[in-house]
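Protein chains: 2
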Amino acid sequence: MDRVFLGVDIGGTKCAVTLGTPDGAILDRLAMPTQAETGPAAIMERLISLAHELTASSGHPIAGIGISCGGPLDTRTGMVYSPPNLPGWEGIPVRSMFEDAFAGLPVVIENDANATAVAEWKWGAGRGARNMVYLTQGTGIGGGLILDGRLYRGTNDLAGEVGHQTILPEGPLCGCGKRGCLEALASGPAIARLARESLHYRRGQRLVELAGGRPADITARHVVEAAREGDSFSRAILEEAGTYMGIGLANIIQILNPERIVLGTIAVHAGDLILNAIRRTVAERAWERAYSVCEIVPAALGDRAQDLAAIAIIESAANDRR
Amino acid sequence: MDRVFLGVDIGGTKCAVTLGTPDGAILDRLAMPTQAETGPAAIMERLISLAHELTASSGHPIAGIGISCGGPLDTRTGMVYSPPNLPGWEGIPVRSMFEDAFAGLPVVIENDANATAVAEWKWGAGRGARNMVYLTQGTGIGGGLILDGRLYRGTNDLAGEVGHQTILPEGPLCGCGKRGCLEALASGPAIARLARESLHYRRGQRLVELAGGRPADITARHVVEAAREGDSFSRAILEEAGTYMGIGLANIIQILNPERIVLGTIAVHAGDLILNAIRRTVAERAWERAYSVCEIVPAALGDRAQDLAAIAIIESAANDRR
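In the order they appear, the protein sequences are chains A and B. Here the first sequence is numbered in the working numbering, starting from -3 and rising by one per residue. Here the second sequence is numbered in the working numbering, starting from -3 and rising by one per residue.
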């Protein structure tokens, strides 16, 4: 057996600790509900206990720890600053709490979008690409950039916030407070809102049915499900969201000239129902010379992505730390 | 005397050869009109003669050659592919022609926006920045990216084409064939067009006067000149262009989280008359956490930029060549 890594995934609804190998095999795993309302101190205490429990059961010494957590956070100091899904985590020294609990072990922390980008690049749909952009299109739209063969973090760990580029200057207000962001037009909640607002003048019976007869309960999952069944109303909604995504990806292609764009979450579930509109719009909005070298593909790691993300950053961080 | 470099700048109206030092001092220079209509073979022959003339007069051996030329071009093969300002240059092996003419010397080629980015980063307004975006806002809007302390070229040398991100999806047609690009809204020609189109319903007498009484002859230079004099019509035009630039820069900040953005050409001439609108819009459109670490400044190299660009890429290319 080679070295063994400990991965820690901190999320708004659940946390998990994972034992994995440097080549991305998962050996063991424990999870717990976050219970965000109990606050950072209690959550960190339970999480560190869980990590001790997992590593005690492992027959192998741990070689390093990787923590994947919602941003904003500072990878140099290891401090976390109030991620949207972890209210009250303002200035929590997450990395040093793990350093104290596992004395002597190297600990790295990365925001979850960057960490997932590294995992998809090492073991998923980004494998072999020198320049890769990862985007998750779920509750929010975030991303991570692999440029010239390594993670690019930006000046204060905010690179890759591709969901908050302006697509429509006079568009709807975004959760971030800005107007017309990609996230306000093509995230899961944006797709659900678009569907609900369109019910008034288009036919969306199947969608209302899937939502148990309550239009207010329609989610992006329902839209994808109905579109898969052939519902033309839901297909049109995904086309519209895909068009906005396509504008955002075309901008990324013009600025970064990547060879691959990996799309998580909705693109994985909806496939060509959204990818066709994305690819068509990219062809309209980016230069042929640039988009012809760029594949747009769904993410490949599925449910394992979050666990692997925390494992993936360990070696990467050791390699390219400033 | 240290090593001496030969810089070659190939432009649509003039070409120049320069002797310079690795630390950016210019020792000597010869220039010639391009006469683009004479075609690539004749131009390259005259240019290589000019380079021989310059280097023969130098008392020092040449250590390397850098060529700055309009893109698209391929930095790996050294081929140039029909830059907009050099019609007919389709597949011209510019680098190997210089390699043949100066046997044994290392020759590198870079598109002019990337080369100017490196020059501003080494010796101009970008000095000391680890992550810097250079933008020229002139006839076109192009750019170059310095990320994690080195030039980022992208997959096939098209990174940094920031002028062709979509700002208004239903906006005016761009010279590149796409709709609503930043370049179609904020370049020199776009500013002139905006001024001409606005004459019908706003007062722009001073501008028409500067253009010799011929509205069709209004240029961005006239707009900047009138704005400097206090003409409110021209100031409003620059505000509008600055607002579009601000949206484009905010997108760049969200995606790349740079610590400095260096703006060439119009920002240098117009100063705060356009920078104020740019900075205000960035504050509205980018996250505080990201724009607060990013200075937006005018370029510093002025008329020397193009000569220094060709010199600047020589060492850089030697350092980070793939």
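In short, the hints are calculated from the structure, not lab data. Be aware that a few hints might be false.
Claimed, not checked - Derived list of chain B stretches under chain A, where covered just means 3 residues or more per stretch with a C-beta under 8 Å from a C-beta of chain A:
(1) 147 to 155
(2) 283 to 295
Claimed, not checked - Quick list of the computed label-pair ranges, beta carbon to beta carbon:
(3) B:ASP(-2) / A:ILE22: 30 to 36 Å
(4) B:PRO168 / A:ALA279: 16 to 22 Å
(5) B:ALA99 / A:GLY100: 32 to 38 Å
(6) A:THR135 / B:GLY145: 30 to 36 Å
(7) A:LEU169 / B:ALA38: 54 to 60 Å
(8) A:THR135 / B:ASP(-2): 54 to 60 Å
(9) A:THR135 / B:GLY209: 57 to 63 Å
(10) A:GLY173 / B:ARG210: 29 to 35 Å
Stated by the list, open to error - From chain A, some residues computed to sit far from chain B (all C-beta separations above 10 Å):
(11) ASP(-2)
(12) GLN161
(13) PRO168
(14) GLU193
(15) GLN201
(16) GLY209
(17) ARG231
(18) GLU236
(19) ARG285
(20) CYS290
(21) PRO294
For glycine and all other residues, C-beta sits at the position ideal for the given N, C-alpha and C.
Hint by hint, here is what the structure shows:
1. 147 to 155: Three-residue rule met by the segment 147 to 155 of chain B, so holds; n is 8.
2. 283 to 295: holds (count 5)
3. B:ASP(-2) / A:ILE22: 30 to 36 Å: violated (56 Å)
4. B:PRO168 / A:ALA279: 16 to 22 Å: Given range 16 to 22 Å: holds, Cβ gap about 20 Å.
5. B:ALA99 / A:GLY100: 32 to 38 Å: violated (58 Å)
6. A:THR135 / B:GLY145: 30 to 36 Å: holds (34 Å)
7. A:LEU169 / B:ALA38: 54 to 60 Å: With Cβ atoms ~58 Å apart, the hint holds.
8. A:THR135 / B:ASP(-2): 54 to 60 Å: holds (57 Å)
9. A:THR135 / B:GLY209: 57 to 63 Å: Since the Cβ atoms of THR135 of chain A and GLY209 of chain B sit about 59 Å apart, the hinted range of 57 to 63 Å holds.
10. A:GLY173 / B:ARG210: 29 to 35 Å: Because 46 Å falls outside the window, the suggested range is violated.
11. ASP(-2): holds (29 Å)
12. GLN161: violated (4 Å)
13. PRO168: holds (14 Å)
14. GLU193: GLU193 of chain A clear of chain B: closest Cβ-Cβ about 19 Å, beyond 10 Å.
15. GLN201: At about 31 Å from chain B, GLN201 of chain A clears the 10 Å cut-off, so the statement holds.
16. GLY209: holds (36 Å)
17. ARG231: holds (21 Å)
18. GLU236: holds (12 Å)
19. ARG285: violated (6 Å)
20. CYS290: Violated, because the least Cβ-Cβ distance between CYS290 of chain A and chain B comes to about 7 Å, which does not exceed 10 Å.
21. PRO294: holds (20 Å)
In this structure, the hints that do not hold are numbers 3, 5, 10, 12, 19, 20, in rising order.
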